[in-house]
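Participant: Residue numbers (my numbering), protein chains in the order written: chain A, 621 to 1273; chain D, 621 to 1273.
None of these hints come from the bench; they were simulated from the model.
Among the hints, erroneous ones may be present.
The calculated lysine-lysine pairs, modelled on BS3-like cross-linking and capped at a C-alpha distance of 25 Å, are [claimed, not checked]:
| # | chain 1 | residue 1 | chain 2 | residue 2 |
| --- | --- | --- | --- | --- |
| 1 | A | K1014 | D | K868 |
| 2 | D | K1249 | A | K1273 |
| 3 | A | K1026 | D | K867 |
| 4 | D | K1134 | A | K1238 |
| 5 | D | K673 | A | K1018 |
| 6 | A | K1249 | D | K1273 |
| 7 | D | K1018 | A | K867 |
| 8 | A | K1159 | D | K1026 |
| 9 | D | K1026 | A | K1273 |
| 10 | D | K1026 | A | K860 |
| 11 | D | K1018 | A | K1026 |
| 12 | D | K1134 | A | K878 |
| 13 | D | K1238 | A | K1238 |
| 14 | D | K1018 | A | K1134 |
| 15 | D | K1014 | A | K878 |
| 16 | A | K867 | D | K1014 |
| 17 | A | K1238 | D | K1159 |
| 18 | A | K1026 | D | K1226 |
| 19 | D | K1249 | A | K868 |
| 20 | A | K868 | D | K1026 |
| 21 | D | K1026 | A | K867 |
| 22 | A | K868 | D | K868 |
| 23 | D | K1026 | A | K1018 |
| 24 | D | K1226 | A | K1273 |
| 25 | A | K1018 | D | K1159 |
| 26 | A | K1014 | D | K867 |
| 27 | A | K1238 | D | K979 |
| 28 | D | K1159 | A | K1273 |
| 29 | D | K1145 | A | K1018 |
| 30 | D | K1238 | A | K1118 |
Please read these numbers as outputs of a predicted model, since none were measured by experiment.
One-letter residues, chain by chain:
2 protein chains.
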Amino acid sequence: MTENPFTNSLKSPEIKDVTIKDHFWGKYVDLIRDVVVPYQWGILNDLVDIPVKSHAIKNFKIAAGLEDGEFEGFVFQDSDVAKWLEATSYILEKYPNPDLEKKVDEVIDIIEKAQWKDGYLNTYFTIKEKGKRWTNLEECHELYTAGHMIEAGVAHFKATGKTKLLDIVCKLADHIYSVFGEEEGKIRGYDGHPEIELALVKLYEVTNNSKYLELAKFFIDERGQEPYYFDIEWEKRGKKEHWQGFKKLGREYLQAHKPVREQREAVGHAVRAVYLYSGMADVAYYTKDKELYEVCEVLFDDIRNRKMYITGAIGSSAHGEAFTFEYDLPNAAAYAETCASVGLVFFAHRMNRIKPHRKYYDVVERALYNTIIGAMSQDGKKYFYVNPLEVFPKECEKRFDRHHVKPERQPWFGCACCPPNVARLLASIGKYIYLYNNNEIYVNLYIGSEAEFSINNQKVKIVQNSSYPFNDEVNFKIIADGEVYFTLNLRIPSWCDKFEIKINGELLTGFNLKDGYVSITRGWKSNDRIEIILPTQLKRAYSNPLVRENIGKVAIVKGPVAFCIEEADNGDNLHLVSVDRNSSLELQFDEKLLNGIYVVYAHGYKIWRDDFEDQLYKTDFETRYQPTKVKFIPYFAWGNRGKGEMRVWVYEK
Amino acid sequence: MTENPFTNSLKSPEIKDVTIKDHFWGKYVDLIRDVVVPYQWGILNDLVDIPVKSHAIKNFKIAAGLEDGEFEGFVFQDSDVAKWLEATSYILEKYPNPDLEKKVDEVIDIIEKAQWKDGYLNTYFTIKEKGKRWTNLEECHELYTAGHMIEAGVAHFKATGKTKLLDIVCKLADHIYSVFGEEEGKIRGYDGHPEIELALVKLYEVTNNSKYLELAKFFIDERGQEPYYFDIEWEKRGKKEHWQGFKKLGREYLQAHKPVREQREAVGHAVRAVYLYSGMADVAYYTKDKELYEVCEVLFDDIRNRKMYITGAIGSSAHGEAFTFEYDLPNAAAYAETCASVGLVFFAHRMNRIKPHRKYYDVVERALYNTIIGAMSQDGKKYFYVNPLEVFPKECEKRFDRHHVKPERQPWFGCACCPPNVARLLASIGKYIYLYNNNEIYVNLYIGSEAEFSINNQKVKIVQNSSYPFNDEVNFKIIADGEVYFTLNLRIPSWCDKFEIKINGELLTGFNLKDGYVSITRGWKSNDRIEIILPTQLKRAYSNPLVRENIGKVAIVKGPVAFCIEEADNGDNLHLVSVDRNSSLELQFDEKLLNGIYVVYAHGYKIWRDDFEDQLYKTDFETRYQPTKVKFIPYFAWGNRGKGEMRVWVYEK
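Isolated chain A (complex conformation) (with noise of 0.2 Å):
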């Protein structure tokens, strides 16, 4: 790579510029605000009656001085309520509520009785651990935890104006910039959960005060360089280990086995990892720093072509919640959290705001539709951890190396990472349809909605509807004030062979393809109508076959979106069945199942299991199969009507 990739310098929109008006999301949305943010408040403090309790919002009145009581749940538990805080932001700078708002103000207000005058801010390490306070970086997250309370407060400040909760965590950035770096007496650590990193960009976004850019650099280039800092620390406070057995893991589960500039291949635990990796393309980003952003390519490129399966989902071991190592994809042994898929779209956000190509919004597309939805019941009060590609429900029983499959979703989770990730990247996907600059702006995502923009200080409104990806036809209208020069950049995601557009009613020819992006630059003027045909055709789609576990088997795909077979539809022992190679595969809508999905059938057989009794092994036999036909649902659906199996990756025949 020898081009400058640092030439575009392009921005999201606000939350407030962008409204979905999408069938399709438009419900994720109104479901993160009507139900999701409500439960989930409910949950923090702790009015839901489920077997687990959150205490989070207990932890900081503690801490605050406001009630009596103990420290309860991980070292990490003020992140489930800097996470709400940040989700009810963005629905708040939307679809402002005054209610709603009240109850972020009264939550600040106790935040900010919990911070130390110092500006330190961590119940764990004010309730139970007070003389402890960065001690141990490797495991107790303490800038972790502050930085998703960062998030917090620029996303509160850029949906309130309200400075105060931005107050509050400038003043904690200010304490750790005071607490770490290179200088003599400062400490030379970093976290063992990267987050504080592209949390502190995030400030830096807000507040344009460089030194917390630096910081985020400093906290990058430290990780991983000799003397190893999490040994020292391990030293300094007697070898104690505040999770049993932690050191066993290893530097890599924690990405800081070398420094990143030399680090080439995902590993270690998945979700730390991809939030390093977003730090890092932030960092390379605000310091155009090309070394850092070939790096981060090379370890996207490394999770896209080797390490992540067709649902957008990463971390294929349970232990370690981990990478393991290229193409090792089990499928019913898989992890797949769903924070790593959030943390994956944050990722590849970021590479593309560098430097747009559609590698990293085809990414950005398996994990919305698959993954991430998909970890969300459709009443929005149940959710996955783990996302497997197939369950037997009876070897989440019965087989310990499948204990940390659950075949149906919770209601919540001692750690409860997971629930309001889902939360705050759908509070906020209306940030990531478009991205923008002066000279261009770039479709992301075919997702309903109007956007404004300002390009030149002249005012633009994108109208886009669309039926992507289970219908093809996809239109802008433009909205301006006299005519505005721009290059409109429409991504042709990797699964639509052909595409059509027309500008105005006249078809597009010889255009230019670049990485991914068709550009159009013109004077744009109100009602100018752009149409796209993006035939998301279903397919079927094959693993490399260095995928040790799909050979022999098809998974059905319409662009995005994976389908999967459930007992519900295909009966009991989901491994007997298989699709008919030359079978035509019909889609359908169906209205009735699941509050609507689309559905396709396919011909296929399934494997007469009569033939052999009793008995446990045949020789010289003929395996007879019985033509039947085969269901599939999109597999975010899956889970929905009960404990039953379910596979994406089906036996072909």
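Starting from the known structure of chain A, arrange chain D on it as the hints suggest.
Facilitator: Coordinates of chain D only, in the frame set by chain A:
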């Protein structure tokens, strides 16, 4: 079942009465005698330079007051010595060796000194936990260790006629009898790891003292009764655990979830299960307990028909080294402990002793010809504990859920139950070939040998020559003084579709094939010759379709012998290899390979992996196949050429 199963009263010939003279098994017996017994002697005395030290003899010396030091190893470390003594006694019974016998006597002298005055014998509780005898039966293997010592005592007495060790173990058993039982003041407990039960029956066999049989029956019938003994003792000792987290394993792990007579499924730790069932079968045999026998048959059939690998391995979960559920037989994740297959042989043999049926020795053969001999390296000095049916070495390094799988045999183990178990079984293989009583001789195994029987006080010698299972011919010559009248029962393994029997050159017709045995009743005279043609054709084996992992896969078998493909012969990524469904299978003896083994060639294919270049997924793609010659070697010979991939179940095309 209405007929009385206890009509035969069969027994095995003594080891001294059977001389193995077999082209295949002969070298294993020689290896045990010439290499394994001396090698393991070195290990037990910490004389071998390997990372894992045994310390087992040293523990006895310390307990005997002959040396100073601390106990080292597992609570059941004594059993390694006991199993070595047992194996060595079998060798001595057949191959007298004064030097070796002297070593044995020296060990017995130490053991004698380590025994308490009251008969108690256990170095862990003597050295390390003196006051805690019999307080943790659930976890601490005291009766298990005693059981192995009793087996050693019986074997040593039979081998040498010396009573010293027998006296020691009688004293030990008497002590146990005084401590355990239904009577007031006795402990109504049983061991977490069954073994004492079958050992006590062996002691009953040589001493004819019925209290040992009674005690075995007590342990069996007490197991799983309420109130639950393991909970009682756990409460009593203040809920202290010897192994952290042990209680979480649950009652099924110990086959103590309900009374054994109510058990219908093989569950829990596989070795514990088959040791228990062996003891149950023994007690059923001697007490003519039809109910108990029928439970045993149900459990045996559950294993055979639903929970056994084609290699005769059992226990498909590393967690708990345990059975999981019906048809759950993953190949690469398999645990398949060597000891479990050894125990399965014990169980099957005991069932066959009660009521012969070929299903028992079909299972014995699968275990012997695959897992048991495969668990040992060809030089006798390295062992597998875990015997997977598929290995991808990078998974073993990088996936925690494969960490239990070693792609290469190890010189020893911290928990070293398996190597001496293989030794004691192979050293006593002569006991498994035949069963007999005054009217009948049953031929279970086709192993070249000379065996002497006493039939109604008449001496009969049977000289067997066998080329089974790699070739078809087996013959027997009778040597007797005058005519001896008995029924010769020849087992026809279930994989032999056709067979032919000639008596003195004359084809046998109109014979009776009952429960898989052909019975020939006549007066036999010297030089009577029985020839059998037992064709174990090379065959394609298929799993019951309910075995989820084996859909679309085939295994190549010849009789009981399963073959596998290895990376050394077929290149890497063995999941890309498929066998042509219609190709012929060609058997060749390769005298240069691994000291001479039969190999199988088949026409097959290898998936063309380059078509994907760097992509992870492709749509509407047609896989291309390169024709290739697929080379199989017997499973028992795998892993003798360095670390590499291996597969038993291969895709079929």
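Participant: The structure should be examined with respect to each hint, and the outcome stated for every one.
Facilitator: Now for the hints, and whether the structure bears them out:
1. For the suggested pair K1014(A) and K868(D), the alpha carbons sit about 19 Å apart, so the restraint of at most 25 Å is met.
2. With a C-alpha separation of about 24 Å, the suggested pair K1249(D) and K1273(A) falls inside the 25 Å cut-off, and the hint holds.
3. The suggested pairing of K1026(A) with K867(D) holds, with an alpha-carbon distance near 23 Å, which does not exceed 25 Å.
4. Restraint check: the Cα-Cα separation between K1134(D) and K1238(A) comes to about 21 Å, which is no more than 25 Å; the hinted pair holds.
5. Between K673(D) and K1018(A), the direct Cα distance comes to roughly 35 Å. Violation of the 25 Å bound is thereby established for this hinted pair.
6. With a C-alpha separation of about 24 Å, the suggested pair K1249(A) and K1273(D) falls inside the 25 Å cut-off, and the hint holds.
7. Between K1018(D) and K867(A), the direct Cα distance comes to roughly 16 Å. Compliance with the 25 Å bound is thereby established for this hinted pair.
8. With a C-alpha separation of about 40 Å, the suggested pairing of K1159(A) with K1026(D) is violated against the 25 Å cut-off.
9. Between the alpha carbons of K1026(D) and K1273(A) the distance comes to roughly 34 Å, so the proposed pair goes past 25 Å and is violated.
10. A distance of roughly 32 Å separates the Cα atoms of K1026(D) and K860(A); the hinted pair therefore is violated under the 25 Å criterion.
11. For a cut-off of 25 Å, the pair hint linking K1018(D) to K1026(A) stands: about 24 Å separates their Cα positions.
12. For the hint pairing K1134(D) with K878(A), the CA-to-CA distance comes to about 69 Å; that exceeds 25 Å, so the pair is violated.
13. Among the hinted pairs, K1238(D) with K1238(A) is inconsistent with the structure: their alpha-carbon atoms are about 36 Å apart, more than 25 Å.
14. Distance restraint check for K1018(D) and K1134(A): the Cα-Cα separation of roughly 38 Å exceeds the 25 Å cut-off, and the hinted pair is therefore not satisfied.
15. At roughly 21 Å between alpha-carbon atoms, K1014(D) and K878(A) fall within 25 Å of each other, so this suggested pair holds.
16. With a C-alpha separation of about 22 Å, the suggested pair K867(A) and K1014(D) falls inside the 25 Å cut-off, and the hint holds.
17. Taking the CA atoms of K1238(A) and K1159(D), the gap is near 10 Å; set against the 25 Å cutoff, the hint holds.
18. For the hint linking K1026(A) to K1226(D), the alpha-carbon distance of about 36 Å lies beyond 25 Å, and the restraint is violated.
19. Distance check on the hinted pair: K1249(D) and K868(A) sit about 44 Å apart at the alpha-carbon level, beyond 25 Å; violated.
20. Using a Cα cut-off of 25 Å, the hinted pair K868(A) and K1026(D) holds, with the two alpha carbons roughly 19 Å apart.
21. Note on K1026(D) and K867(A): the hinted pairing holds, with a Cα-Cα distance of about 23 Å set against a maximum of 25 Å.
22. Restraint check for K868(A) and K868(D): the C-alpha separation of about 23 Å stays at or below 25 Å, so the hint holds.
23. The hinted pair formed by K1026(D) and K1018(A) meets the criterion: a straight-line CA distance of about 24 Å does not exceed 25 Å.
24. Among the hinted pairs, K1226(D) with K1273(A) is consistent with the structure: their alpha-carbon atoms are about 18 Å apart, no more than 25 Å.
25. Restraint check for K1018(A) and K1159(D): the C-alpha separation of about 33 Å exceeds 25 Å, so the hint is violated.
26. As the CA atoms of K1014(A) and K867(D) are separated by approximately 22 Å, the hinted pair is consistent with the 25 Å bound.
27. Proximity of K1238(A) to K979(D) is assessed by CA-CA distance (about 14 Å); at most 25 Å being required, the pair is judged to hold.
28. Proposed proximity of K1159(D) and K1273(A) is supported: the alpha carbons are some 23 Å apart, at most 25 Å.
29. Distance hint between K1145(D) and K1018(A) is unfulfilled; the C-alpha atoms sit about 57 Å from each other, more than 25 Å.
30. At roughly 16 Å between alpha-carbon atoms, K1238(D) and K1118(A) fall within 25 Å of each other, so this suggested pair holds.
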